[in-house]
Amino acid sequence: MSIALFLLTFLFPPRTISVPALALPSTVASLSPRPVALALPVMPVKKAPKTLTYRVTATTYWPEPDQTDDNPMETADGSIIPERHSSKTRWLAVSRDLLAKWGGPFRYGEKVRVRGISADLDGVYVIHDTMNRRHRHAVDVLVSERECKKKTGFEGRWTDIKLTKYAEEPTWQPG
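Each step along the sequence shown adds one to the number in my numbering, with nothing skipped, and position 35 is 35.
Keep in mind that the hints were calculated from the coordinates and are not lab data.
For each residue, glycine too, the CB sits at the ideal point set by N, CA and C.
Treat the hints with care, since some could be wrong.
[To be verified] Pair ranges (Cβ atoms, derived):
{"id": "1", "residue 1": "44", "residue 2": "70", "range": "32 to 42 Å"}
{"id": "2", "residue 1": "84", "residue 2": "160", "range": "24 to 34 Å"}
{"id": "3", "residue 1": "38", "residue 2": "162", "range": "41 to 51 Å"}
{"id": "4", "residue 1": "84", "residue 2": "159", "range": "54 to 64 Å"}
{"id": "5", "residue 1": "42", "residue 2": "80", "range": "30 to 40 Å"}
{"id": "6", "residue 1": "74", "residue 2": "43", "range": "46 to 56 Å"}
{"id": "7", "residue 1": "103", "residue 2": "65", "range": "49 to 59 Å"}
{"id": "8", "residue 1": "38", "residue 2": "104", "range": "19 to 29 Å"}
{"id": "9", "residue 1": "111", "residue 2": "174", "range": "47 to 57 Å"}
[Unchecked claim] Below, computed lysine-lysine pairings styled on DSSO-like, alpha-carbon distance capped at 30 Å:
{"id": "10", "residue 1": "149", "residue 2": "88"}
{"id": "11", "residue 1": "162", "residue 2": "111"}
{"id": "12", "residue 1": "151", "residue 2": "165"}
{"id": "13", "residue 1": "101", "residue 2": "151"}
Start from the sequences and build out the full structure, keeping to the hints where you can.
Put into structure tokens, the structure is as follows:
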């Protein structure tokens with residue numbers, strides 16, 4: 001206790017005032033709680049799915065300063081794009097809202113399954129890069145410029161693409 005508080009309590013002691021107790025009416029005083037049975041419906045608990053599917057917009061890109069930054073061969077996670085890469089490299093850039101760093105479900109290096117673009121571009125990809133901050137719910141598939149010029153359907157924009165975390169099937173191990 002501080003000295004100031006002690007002195008105040010000593011010099012001005014608290015006063016007690018006696019007030020007669022108020023009587024409650026007899027009807028209120030005689031009430032007692034009683035148990036009441038309630039019938040509540042039991043709702044089934046929904047289990048969260050093992051893997052969530054996200055609907056995104058997909059585009060393709062190749063490493064050049066017009067489509068990336070001033071160092072086009074280096075991705076956001078520090079990986080270097082192979083000099084003779086193709087769509088078979090299976091690298092992916094995702095929008096920031098999909099990355100865990102900004103509150104999303106995916107991390108660099110994770111594998112994801114992409115479905116809905118085309119037979120050539122659907123498949124399992126590894127996340128290595130980040131798209132420009134203006135994009136939301138979008139992915140960018142790494143392809144080579146020569147593939148886009150040779151094959152039709154490699155360059156474009158696709159909507160309603162399914163993006164799912166890839167979980168490898170467990171392999172059997174003898175016990």
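Status of the hints after comparison with the structure:
Checked against the hint of 32 to 42 Å, the C-beta distance between residue 44 and residue 70 comes to roughly 55 Å, which is inconsistent with it. Checking the proposed 24 to 34 Å range against residue 84 and residue 160 shows it holds: the Cβ atoms sit about 32 Å from each other. Taking 41 to 51 Å as the suggested C-beta distance range, the pair residue 38 and residue 162 conforms, at roughly 44 Å. Judged by the Cβ atoms, the range 54 to 64 Å given for residue 84 and residue 159 is violated: they are separated by roughly 31 Å.
At roughly 57 Å, the beta-carbon separation of residue 42 and residue 80 lies outside the given 30 to 40 Å, and the hint is violated. In this structure, residue 74 and residue 43 meet the distance hint of 46 to 56 Å, their C-beta atoms being roughly 51 Å apart. Against the hinted window of 49 to 59 Å, the Cβ-Cβ separation of residue 103 and residue 65 comes to about 29 Å, which falls outside the hint. Judged by the Cβ atoms, the range 19 to 29 Å given for residue 38 and residue 104 is violated: they are separated by roughly 42 Å.
Checked against the given bound of 47 to 57 Å, the beta carbons of residue 111 and residue 174, roughly 26 Å apart, lie outside it. Using a Cα cut-off of 30 Å, the hinted pair residue 149 and residue 88 holds, with the two alpha carbons roughly 16 Å apart. A C-alpha spacing of about 14 Å is found between residue 162 and residue 111, which places the hinted pair at or below 30 Å, so the restraint holds. Distance hint between residue 151 and residue 165 is fulfilled; the C-alpha atoms sit about 28 Å from each other, no more than 30 Å.
With a C-alpha separation of about 35 Å, the suggested pairing of residue 101 with residue 151 is violated against the 30 Å cut-off.
Checked against the numbered hints above, the structure violates hints 1, 4, 5, 7, 8, 9, 13; every other hint is satisfied.
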